[in-house]
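*Asks:* Quick mapping for you: the protein sequence lines, in order, are chains A and B.
Residues 1 to 321 in my numbering are what the first sequence lists, from first letter to last.
Residues 322 to 642 in my numbering are what the second sequence lists, from first letter to last.
Possibly wrong hints are sitting among the right ones.
Said to hold, decoys possible - The list that follows gives simulated cross-link-like pairs (lysine to any residue, SDA-like), each with its CA atoms no further than 25 Å apart:
#1 A:Lys86 - B:Gly478
#2 B:Lys613 - A:Phe84
#3 B:Lys613 - A:Met88
As the list claims (entries may be wrong) - Here are some chain B residues pointing at chain A (derived, C-beta under 10 Å):
#4 Ile375
#5 Met377
#6 Glu429
#7 Leu432
#8 Gly509
Treat the hints as calculated values from the structure; they're not laboratory data.
Source: prediction; values computed, not measured.
Glycine residues also receive a C-beta, built at the ideal position from the N, C-alpha and C atoms.
Protein chains: 2
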Amino acid sequence: MLFRQCAAMSELPKAIGIDFGGTSVKTGVVRGSEIIDSAPPIATQDFDGPEPLIAMMVRTVEDLRLRHSKISAVGIGMPGFVHFEKGMVFNLTNVRGWQNVALKGILEAKLELPVVADNDANCMAYAEWKLGAGRGFRDLVCVSLGTGVGGGVIVNGQMVRGANYGAGEIGQTSIDFQGRRGHYGNLGALEDYIGNREIARDAQQAYLAAGISKDIEDCSPVALAEAAQHGDKIALQRWDITGRMLATSMMNACWLLNPEALIIGGGVARAGELLFKPLREHLLQQLSEPFKDHLAILPANFGHEAGTIGAAALALEVAGL
Amino acid sequence: MLFRQCAAMSELPKAIGIDFGGTSVKTGVVRGSEIIDSAPPIATQDFDGPEPLIAMMVRTVEDLRLRHSKISAVGIGMPGFVHFEKGMVFNLTNVRGWQNVALKGILEAKLELPVVADNDANCMAYAEWKLGAGRGFRDLVCVSLGTGVGGGVIVNGQMVRGANYGAGEIGQTSIDFQGRRGHYGNLGALEDYIGNREIARDAQQAYLAAGISKDIEDCSPVALAEAAQHGDKIALQRWDITGRMLATSMMNACWLLNPEALIIGGGVARAGELLFKPLREHLLQQLSEPFKDHLAILPANFGHEAGTIGAAALALEVAGL
């Protein structure tokens with residue numbers, strides 16, 4: 001039986017997944033839901049514009065192909081807007097020089113492999129939907145909580161990309177029409193309350209208001225989770241407020257789309273029940289029966305590997321494998 | 322030319338559309354986007370439970386069929402949750418006795434015609450999408466502003482119904498996570514700010530704060546529109562605030578789904594530019610380029626006939642006509 005399972009595993013098609021981040025580009029060989037090999041990360045900011053970085057990505061993929069036969073496709077998750085069908089990168093938020101880059105075409109010509117490019121949050125959502133916590137659901141919303149708050153939406157068993165490939169920007173949705181003014185002029189954006197940095201800054205203020213002076217590093221989500229586990233009341237309050245704010249955006253997605261599942265991932269979600277308990281409470285209090293009946297509220301399955309795995313899985317799907 | 326157009330019109334299939342409201346049940350014969358005949362409305366509250374009301378609906382449909390040959394299908398929009406495929410009405414918010422009524426099956430047996438039942442806001446959205454202001458769009462959000470605030474969502478060229486047929490409840494989405502507590506325990510629900518009655522109540526308060534005492538009828542959206550057209554500053558402010566609040570929920574739908582169009586209908590939308598101008602301003606200020614580029618913000622095409630037309634059109638589509 002074990003032998004047959006192993007044989008079945010080795011028959012699964014393999015693809016290379018690339019998780020293109022503002023800091024580093026991570027490349028791995030993916031089989032099923034597993035990264036079976038990976039290349040050293042490329043430091044994104046070491047490269048001046050797309051041409052040299054694309055050349056480095058090609059070399060990295062070719063190196064991995066020397067070690068692995070039968071790579072069927074390459075998938076790339078990009079931190080910005082990507083025309084999915086054309087594989088054209090319109091613009092990256094945090095990487096200079098990337099405007100209107102025909103990434104899919106350039107890479108396909110050099111690699112002679114099918115290439116798929118999509119937004120990074122869509123890749124993460126795809127990994128969770130096809131291989132992770134969201135398996136089997138037809139309607140779901142995935143959220144990734146980190147420095148930024150991103151997401152991906154699946155409706156009627158299809159990824160939602162929207163008219164200009166922007167769908168899923170849950171972090172930019174408002175929880176307060178008179179709230180903080182965000183990067184895009186939007187008032188009360190979720191990300192401006194529960195992004196990594198904002199959680200820390202607001203916690204620092206809360207401690208200060210209670211007469212406790214703390215360095216900002218001691219107010220990070222990781223530090224707050226540890227403090228809360230030791231019964232620190234202010235830290236516990238901060239997690240309750242974070243869960244409540246997240247619940248508002250999740251509730252809005254539920255009233256609008258009536259999904260079967262919400263999948264919550266990213267660094268901040270590692271706080272576990274400290275976040276999930278208030279999230280569930282505040283969310284379920286604010287939904288009527290058809291919206292909360294059987295609603296699954298689940299932690300994401302894949303951590304920092306979700307982007308690589310999802311990009312590879314998406315590439316295999318598009319290639320028909 | 323005129324003759325040929327008329328001939329083409331008379332060849333279009335006909336269906337009966339039923340708009341089942343909390344006050345009255347309106348029934349019409351629909352051809353294309355036109356109600357070519359209609360029956361006297363049935364007073365919903367005159368009937369005690371579903372059986373006698375369904376019997377009355379059957380009689381009304383049969384009367385119309387005596388006057389019109391070749392009726393191909395019957396569509397019904399219901400004010401509540403409907404299992405679309407089964408045509409089962411789970412529950413109606415404002416009509417007593419309607420729990421788990423197998424409406425489609427009962428009517429099909431009596432009428433010997435294909436019957437389709439859906440949520441009323443979905444029928445309205447369907448009418449606008451297929452025959453009205455939303456024609457040709459693949460991703461759109463429709464909103465109806467009245468006593469209640471409802472909506473319908475189309476994604477990837479498909480109606481979004483959701484896991485329990487609840488999708489599209491835009492009026493229940495929050496614009497303020499610390500706001501007013503709504504009917505379902507949800508805080509800051511849009512409907513609790515820009516529903517007909519809430520607009521009037523808040524305007525009455527605003528006048529009072531300025532030392533002006535007004536009857537509630539003189540603060541209705543219709544009265545406020547007339548006052549604003551005569552330059553009344555408080556009325557103009559109320560429309561700006563209404564547009565801004567609506568903009569928040571529309572912005573949230575845009576960040577989440579990146580639609581091509583927003584279609585705004587219902588009685589309150591009859592205020593026209595008094596509502597649409599602040600809506601556009603506040604909305605476009607809070608979206609980045611890919612979300613506002615080519616975004617159409619349009620008044621609905623059909624007024625109070627949208628439900629009847631949409632129900633009939635949906636019935637014809639399901640019947641394959």
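*Asks:* Hey, does the Glu429 (chain B) contact hint survive, CB to chain A under 10 Å?
*Replies:* violated, 24 Å
*Asks:* Take a quick look at whether Lys86 (chain A) and Gly478 (chain B) sit within 25 Å of each other, Cα to Cα.
*Replies:* holds, 20 Å
*Asks:* Tell me if Ile375 (chain B) is really an interface residue toward chain A, meaning its C-beta lies closer than 10 Å to one of theirs.
*Replies:* violated, 23 Å
*Asks:* Given the hinted pair Lys613 (chain B) and Phe84 (chain A), is their Cα-Cα distance within 25 Å?
*Replies:* holds, 19 Å
*Asks:* Can we keep the Met377 (chain B) interface hint, with Cβ of chain A closer than 10 Å?
*Replies:* violated, 28 Å
*Asks:* Using the nearest Cβ pair, does Gly509 (chain B) come within less than 10 Å of chain A?
*Replies:* At about 8 Å, which falls below the 10 Å cut-off, the nearest Cβ of chain A leaves the hint on Gly509 (chain B) intact, so it holds.
*Asks:* Hey, Lys613 (chain B) versus Met88 (chain A), does the alpha-carbon distance stay inside 25 Å?
*Replies:* Answer holds: Lys613 (chain B) to Met88 (chain A) is near 19 Å, not above 25 Å.
*Asks:* Against chain A, run the beta carbon of Leu432 (chain B) and see if the smallest gap drops under 10 Å.
*Replies:* violated, 28 Å
Figure legend: structure checked against the earlier numbered hints; hints not met, in rising order: 4, 5, 6, 7.
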